[in-house]
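So the sequences go chain by chain: A and B. Numbering-wise, the first sequence is residues 456 to 845 according to the working numbering. Numbering-wise, the second sequence is residues 7 to 374 according to the working numbering.
Treat the hints as calculated values from the structure; they're not laboratory data. Cβ coordinates follow ideal geometry from the N, Cα and C atoms, glycine included. Be a bit skeptical, because a hint or two may be false.
[Unchecked claim] Interface residues of chain B toward chain A, partial, derived using beta-carbon atoms under 7 Å:
#, residue
1, F77
2, A163
3, D167
4, Y287
[Stated by the list, open to error] In silico DSS-like cross-links for lysine-lysine, where the CA-CA straight-line distance does not exceed 25 Å:
#, chain 1, residue 1, chain 2, residue 2
5, B, K293, A, K621
6, A, K709, B, K325
7, B, K130, A, K651
8, A, K536, B, K291
9, B, K325, B, K315
10, A, K536, B, K293
11, B, K291, A, K621
12, B, K86, A, K651
13, A, K709, B, K293
[Claimed, not checked] Anything over 10 Å on all C-beta distances counts as not near chain B; from chain A, calculated:
#, residue
14, Y531
15, W609
16, L622
17, L646
18, E694
19, N766
20, L783
21, S806
22, T829
23, P832
Okay, here's what each chain looks like letter by letter:
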Amino acid sequence: MSHSTQTNKGGMSPLMVVGGIFLLLGLWLTFQRFYGGLGAVTNLDDNNPWGIWIGFDLLCGVALAAGGYTTSAACYIFGMKRFHGAVRPAILTAFLGYALVVFALHYDVGRPWRLPYPIFVSPGTTSLLFEVGLCVFLYLTVLFIEYSPVALEWLGQKRLRNAVHKLTLVLTIFGVVLSTLHQSSLGALFLIAPSKLHPLWYSSYLPLFFFVSSMFAGMSMVIFEGTISHKNFHDKMDEDHLSASENVVLGFAKASCVVMCGYLALKLFGLAMDDNWHYLGTGWGAWFLFELLGFVALPALLYGIGAREKNVKLIRWTAALSVLGIVLNRFNISLVAFNYHLPASERYFPSWQEIGISIFVVTVGVFAFRFIVTRMPIFYEHPDYKESHH
Amino acid sequence: MQRRTFLKLIGSAGLGAALPAATAKAAGNKAFTGYPDAMGVLFDATKCIGCRKCEAACNEVNELPKPEKPFDDLSVMNAKRRTDAKTYTVVNKFVPVDGRPPVFAKTQCNHCQEPACASACFVKAFTKTPEGAVVYDASVCVGCRYCMVACPFSVPAYEYDEPLTPRVMKCTMCHPRILEGKLPGCVEICPKQALLFGKRSDLIKTAWERIGNEPGRYLPHVYGEKEMGGTNWLYISGAPFQQIGMREDLGNTPAPELTSGALAAVPVVVGLWPVLLTGIYAVSKRKDRVAKEEREAAVAEAVTAAKEKAAAKLADELKKAEAAGKRLADAEARKAVEAYKQELEEKAKAAAAAADESGDESADEKKE
């Protein structure tokens with residue numbers, strides 16, 4: 456695609472055509488959704504009130520956008536300056552990720568124009584969903600401010616850009632606090648339904664599982680997104696970004712390996728706490744082990760090997776596996792192991808329209824990302840602000 | 007500060023996060039045991055004949071849309087049904103023991119004392135009224151459907167086909183009628199007195215009296231007395247509840263306690279993270295500064311040493327050059343002196359030779 460985008464500027468590459476089709480399809484489904492209600496396009500029912508618009512768009516979207524807080528914390532708080540060139544793409548991915556999560560929620564909730572209600576009209580503070588909503592709202596604002604210097608540099612607003620840039624550290628700390636809260640409370644959402652979620656996935660540690668897994672989800676997504684960006688936008692990248700991305704791949708592989716091992720230990724601890732060992736012998740146990748061994752233990756091992764042997768290619772493949780693992784985990788908790796007690800006829804499977812809207816949302820994200828990185832200083836430093844960091 | 011208050015603060019601040027399940031109670035700020043005068047309904051499964059009159063009455067008093075099949079069509083009971091957006095209550099038929107008469111069980115909102123739906127709602131759309139009913143306010147509802155995820159009895163339903171104003175739909179215990187002093191629709195119509203309306207505390211006594219009076223007819227379990235912290239709709243039955251479509255694995259923990267530990271973690275994170283992260287930032291910044299200073303000091307030292315060495319070398323060179331210059335000058339002088347000496351010697355020789363010649367001439371002259 457990198458080749459075609461360069462040679463065919465103004466023309467249409469095949470991927471752009473496919474993307475365009477997804478966008479048109481999405482617009483048609485949007486019309487159907489708001490004309491006929493949720494029932495017209497979804498397979499949701501009274502037993503299965505949450506489908507893939509929550510399981511994928513919200514849970515996976517938020518987890519995979521965690522790269523924003525992990526990368527900026529590593530660079531600005533822990534002082535790993537060699538990651539500097541990777542902060543901007545990570546912040547952009549996070550900002551777009553969260554913006555799309557909120558966008559997608561407009562399809563899922565019954566009366567989207569009331570989405571500000573929990574914060575401004577009738578706050579239900581006993582709800583974990585209130586915590587999620589408040590934190591996502593605040594964090595989206597933080598990410599917008601963190602991202603704004605890019606747009607301001609592009610627009611030539613030097614004074615405003617420099618003023619915002621001074622807030623970097625405060626915003627980074629605020630971002631970590633808010634991310635800790637809502638990443639964990641997305642898991643805590645399910646604490647209220649112990650009778651509906653299979654015991655192997657239900658645990659009082661759910662908030663901890665979600666937060667810890669968001670760390671390696673975010674880092675893996677940064678590596679994964681970097682892989683794709685390198686293929687498509689290599690010509691945009693400056694020396695600082697290229698050297699940083701190499702550092703990030705190796706550094707994040709090592710960090711992910713460590714965090715994944717910690718996560719495995721926590722999972723074992725959770726099993727022991729609730730004495731759930733006997734479930735491991737059942738079909739659900741096999742599925743649980745498939746998720747844990749195939750999509751956490753294996754990537755942890757591969758990340759470890761990749762980091763030690765400086766095998767960037769292996770690390771990039773492992774990142775894709777880890778991202779898939781996060782999707783599997785969130786699907787298992789919100790869809791597969793949720794309502795496990797119901798007979799097959801009462802279980803949920805997404806309609807093609809639901810999948811269509813999810814693809815539409817991702818496509819919007821890809822187009823927005825492409826629009827921004829081809830115009831604004833994401834993969835390179837703006838010449839007017841070189842060496843102005845820190 | 008009183009010890010109690012202090013412990014509560016500690017509980018809500020830290021322990022709740024460290025031990026989510028165990029200290030859930032410590033994290034909450036009060037223990038709620040239900041409104042004392044709350045009303046409820048006792049359902050007696052041994053008396054229900056499955057006539058569906060309660061379903062019809064419910065449909066009428068709540069002005070719900072008429073179903074496809076009329077309420078006197080009992081064939082709908084051959085399949086298990088649940089409450090939905092057009093039905094607040096359903097009666098299901100079960101045959102726990104083959105060959106024995108069927109047992110009927112009525113389903114509707116159980117009006118929990120500490121409702122999961124109200125705890126889960128992020129806009130406070132649900133209220134537990136002092137009269138016992140759990141009521142819903144559609145005017146703030148966003149339609150997130152978390153109440154439906156949270157409800158352990160899977161009661162709330164949603165108007166999925168409503169594009170603009172979808173509502174969550176569930177039994178209200180006929181709260182408006184109760185306020186008017188009337189009975190709930192289903193209780194009023196029941197021809198067999200399978201439903202009994204009264205104060206919850208009285209109903210529990212009645213239930214245990216019935217069980218005590220006829221132990222062969224009932225199992226010694228009042229469903230709803232303790233389930234999920236207690237509900238205002240209570241059930242007694244001769245068949246195990248598990249066999250008449252009611253879950254017996256829900257536990258007795260009120261729903262809000264399940265999440266209070268996680269909520270208690272919020273102040274910990276908000277209080278601890280900024281301090282800790284600023285500290286880490288300061289440490290890493292200081293490390294950088296110290297490293298920079300050390301680097302600069304080392305560089306300065308190296309530069310000084312190099313400079314000194316260079317200066318010494320220069321001085322040495324100068325000295326050498328001076329010496330060499332002197333040597334050179336001496337040699338030149340010596341050469342000049344030698345040359346002068348030679349010149350003088352030659353001049354002297356020439357003078358001597360000239361003197362010899364003139365002497366000879368005078369001697370010759372004398373001889374002549």
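*Go through the numbered hints given earlier and state which of them the structure violates, listing their numbers in rising order.*
Hints 1, 6, 14 and 17 not satisfied by this model.
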